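Read off the chains here:
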Amino acid sequence: MRTILKIALGIIAAIGGFLDIGDLVFTTQAGALFRYDLLWAVVLGVIGIGVYAEMSGRVAAVSGRPVFDVIRMRMGFGIGLLALVASTAVNLLTVAAELGGIAIVLELLLDAPYSMFVVTAAAALVLIVALLPFGGIERVFGYGGLLLFVVVATVFHQDPKWGDVARGFVPSLHSSTLYLYFVVGVFAAALMPYEVHFYSSGAIEEGWTEENLKENRLNAIFGYGVGGVLAVALVIVSGTLFHPLGVEPSDLGTVALPMQGAFGETGLLLALGGILFCVGGAAIDSSFAASYNLAQFLGWEWGRYQGPRSGAAGRGGPLPAAAAPLGRADRAARLRPGDVGQQRPAHPLGGGRRSRRDREAAEESRGPRTGDGGRPAALVRQEAAVELKSLSELLGRRVVDRSGRRLGRVYEAKAHWERDGTVVIDELILDRGGLRRRLRGPGGPEEQSFPWEAVVELTADAVVVRT
Amino acid sequence: MGRKRVRSSALGSLLAAALLLTAGGCGDLSNDELNRGVESLSALAAQGQLVANGVARDATKTTYARAMARTLGEEAEHEAEKLADATLEEPETADQRHAAVAVAGEISGLLSELQTFPGDERHGELVEKHLAEAGEKADAIVAQLSGDAP
Chain W
1 MRTILKIALG
11 IIAAIGGFLD
21 IGDLVFTTQA
31 GALFRYDLLW
41 AVVLGVIGIG
51 VYAEMSGRVA
61 AVSGRPVFDV
71 IRMRMGFGIG
81 LLALVASTAV
91 NLLTVAAELG
101 GIAIVLELLL
111 DAPYSMFVVT
121 AAAALVLIVA
131 LLPFGGIERV
141 FGYGGLLLFV
151 VVATVFHQDP
161 KWGDVARGFV
171 PSLHSSTLYL
181 YFVVGVFAAA
191 LMPYEVHFYS
201 SGAIEEGWTE
211 ENLKENRLNA
221 IFGYGVGGVL
231 AVALVIVSGT
241 LFHPLGVEPS
251 DLGTVALPMQ
261 GAFGETGLLL
271 ALGGILFCVG
281 GAAIDSSFAA
291 SYNLAQFLGW
301 EWGRYQGPRS
311 GAAGRGGPLP
321 AAAAPLGRAD
331 RAARLRPGDV
341 GQQRPAHPLG
351 GGRRSRRDRE
361 AAEESRGPRT
371 GDGGRPAALV
381 RQEAAVELKS
391 LSELLGRRVV
401 DRSGRRLGRV
411 YEAKAHWERD
421 GTVVIDELIL
431 DRGGLRRRLR
441 GPGGPEEQSF
451 PWEAVVELTA
461 DAVVVRT
Chain U
1001 MGRKRVRSSA
1011 LGSLLAAALL
1021 LTAGGCGDLS
1031 NDELNRGVES
1041 LSALAAQGQL
1051 VANGVARDAT
1061 KTTYARAMAR
1071 TLGEEAEHEA
1081 EKLADATLEE
1091 PETADQRHAA
1101 VAVAGEISGL
1111 LSELQTFPGD
1121 ERHGELVEKH
1131 LAEAGEKADA
1141 IVAQLSGDAP
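Protein chains in written order, with my numbering: chain W, 1 to 467; chain U, 1001 to 1150.
Simulated from the structure, these hints should not be mistaken for laboratory data.
A couple of the hints might just be wrong.
As the list claims (entries may be wrong) - Coverage of chain W stretches by chain U, computed from C-beta distances (three or more under 8 Å per stretch; other residues unrestricted): (1) 95-109; (2) 258-270.
As the list claims (entries may be wrong) - Chain U residues, not near chain W, derived (Cβ > 10 Å throughout): (3) R1057; (4) K1061; (5) E1075; (6) T1087; (7) A1099; (8) A1102; (9) G1105; (10) S1112; (11) R1122; (12) E1125.
As the list claims (entries may be wrong) - Cβ pair distances, simulated, as ranges: (13) U:S1030 / W:P133: 20 to 30 Å; (14) W:A153 / U:D1032: 34 to 44 Å; (15) W:D159 / U:T1062: 23 to 33 Å.
The structure displayed is predicted, hence computed values, not measured ones.
Heads up, the beta-carbon is just placed ideally off N, CA and C, and yes, glycines get one too.
Build out the structure end to end from the sequences listed, making use of the hints.
Written out as structure tokens, the structure is:
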């Protein structure tokens, strides 16, 4: 039962983020201009986003890395930066558009100056993100978005010619450039990148593993599928009502008109409420996605519950996303005791990326505690007396030889994943070049590496190696 | 010296292009553009009718009707200004242009009335009826412009 509820919640969350202001206005315009002829393009867009989201969720669940992290890791700095700049620009524009959308709906509901509502919407967005837990945000906007099912009811109330509607699902090409523009537009409106970046990062936040693959598939198929049903319904109601009258819907308020026509004030209020939650959900999803992308690109530890102190600044600098060999080490991995001259308790790594529930479970699994303020014990063979909670704690640490001569800083670690669930560190890579080199990725004349066997001591701020 | 001349001539060309573009932006209104402008008036009238129908049936929220009427009215006004300011490419369509500006003004006025009385069913009914007439006038102008008029 709990699993069913979890899946239902995921589906609802997917609906909440799927229909944004672009989808709402563009699909309505598509119906008004081309009646049902663009229904196939809507379906194509929904399949596209569903497949992409399922793939991203699967990659996140199995590798422990969200899609943007993988892009950065696999494609390198240049393409990663391009993707970051492009997605950040799109996210900023999307957040601005969604805020404008919220303000328009509030104006329609309350009839006060629009500019006042833009400020109110921005403040409300900040408060919601700051105060509500992740699950709460999903529930509020997911359930709220369900109000838009009034559009589906309107379709049946209008009772269009179903044969004509069915023909709209068969791809057709017109010679008009406007039609081709709308084909691309409808498809692109469904495939907004923030949705997938948010979805895959959310999978990490929720602590998904291979066990969640079925949940991921159901979320992607049904969540985006139901969102797609709403988009299809918008095209149909618009095509049925607006197309014969020659109405050219250009603003968000017009989207609600067919529901007013069908069910009066109740229909209107349900439609406006649904639009408000969908647009609000999209604003939150896209602002989360922008933050996730930036943090993942720079290699910062990130997460809904990750405070600024425990982020990059508190951890001695960004975690290089180019740490390809580390792979799963950032998630529920364990350092193998006694492997490299240090014995450590089993520490799940990467606390910032896991849900609160998982972090609590992780705390319980950390084994015996010493008397030093409740910190887990770190048994070190020789003189080192510092425990590592995550591999990223190594990053940015000074590396010195036994005489104290400074050799550089750790900017990367290579490790491999063992069958028994442990991560074995093989090598530390040093670099004097700082952030610039760190972002560029491994390799180059300035790079210097040490096998982990050369590490003789870990102090609070340094790694001592045998040269 | 030669490089300076090349640079100043390039600058001159750029300025000329910018002037041409600017002039083109507020230039002549073709028959097709006039047609599209009048068609958009017809669309605004149809959309206004739907809003007014909600008011007439007491099936809407007054805040929604008021805000929608305001938005549509502003669009109609903007369309009227655009049509009135433009220079016609084909002077023989001047009558249609004048008629279109008048229709735009009429639609804007009716929507303004709806904005003032968004909760009055009688006003809603009248505005809906008059917007339908204004829409028909716009359609008639479109038919004249495209040569379909009897």
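Consistency of the hints with the structure:
no., hint, in the structure
1, 95-109, "holds (count 3)"
2, 258-270, "holds (count 6)"
3, R1057, "violated (7 Å)"
4, K1061, "violated (6 Å)"
5, E1075, "violated (8 Å)"
6, T1087, "holds (25 Å)"
7, A1099, "holds (18 Å)"
8, A1102, "holds (20 Å)"
9, G1105, "holds (20 Å)"
10, S1112, "holds (15 Å)"
11, R1122, "holds (18 Å)"
12, E1125, "holds (16 Å)"
13, U:S1030 / W:P133: 20 to 30 Å, "violated (58 Å)"
14, W:A153 / U:D1032: 34 to 44 Å, "holds (40 Å)"
15, W:D159 / U:T1062: 23 to 33 Å, "holds (29 Å)"
When the structure is compared with the earlier hints, violations turn up for hints 3, 4, 5 and 13 and for no others.
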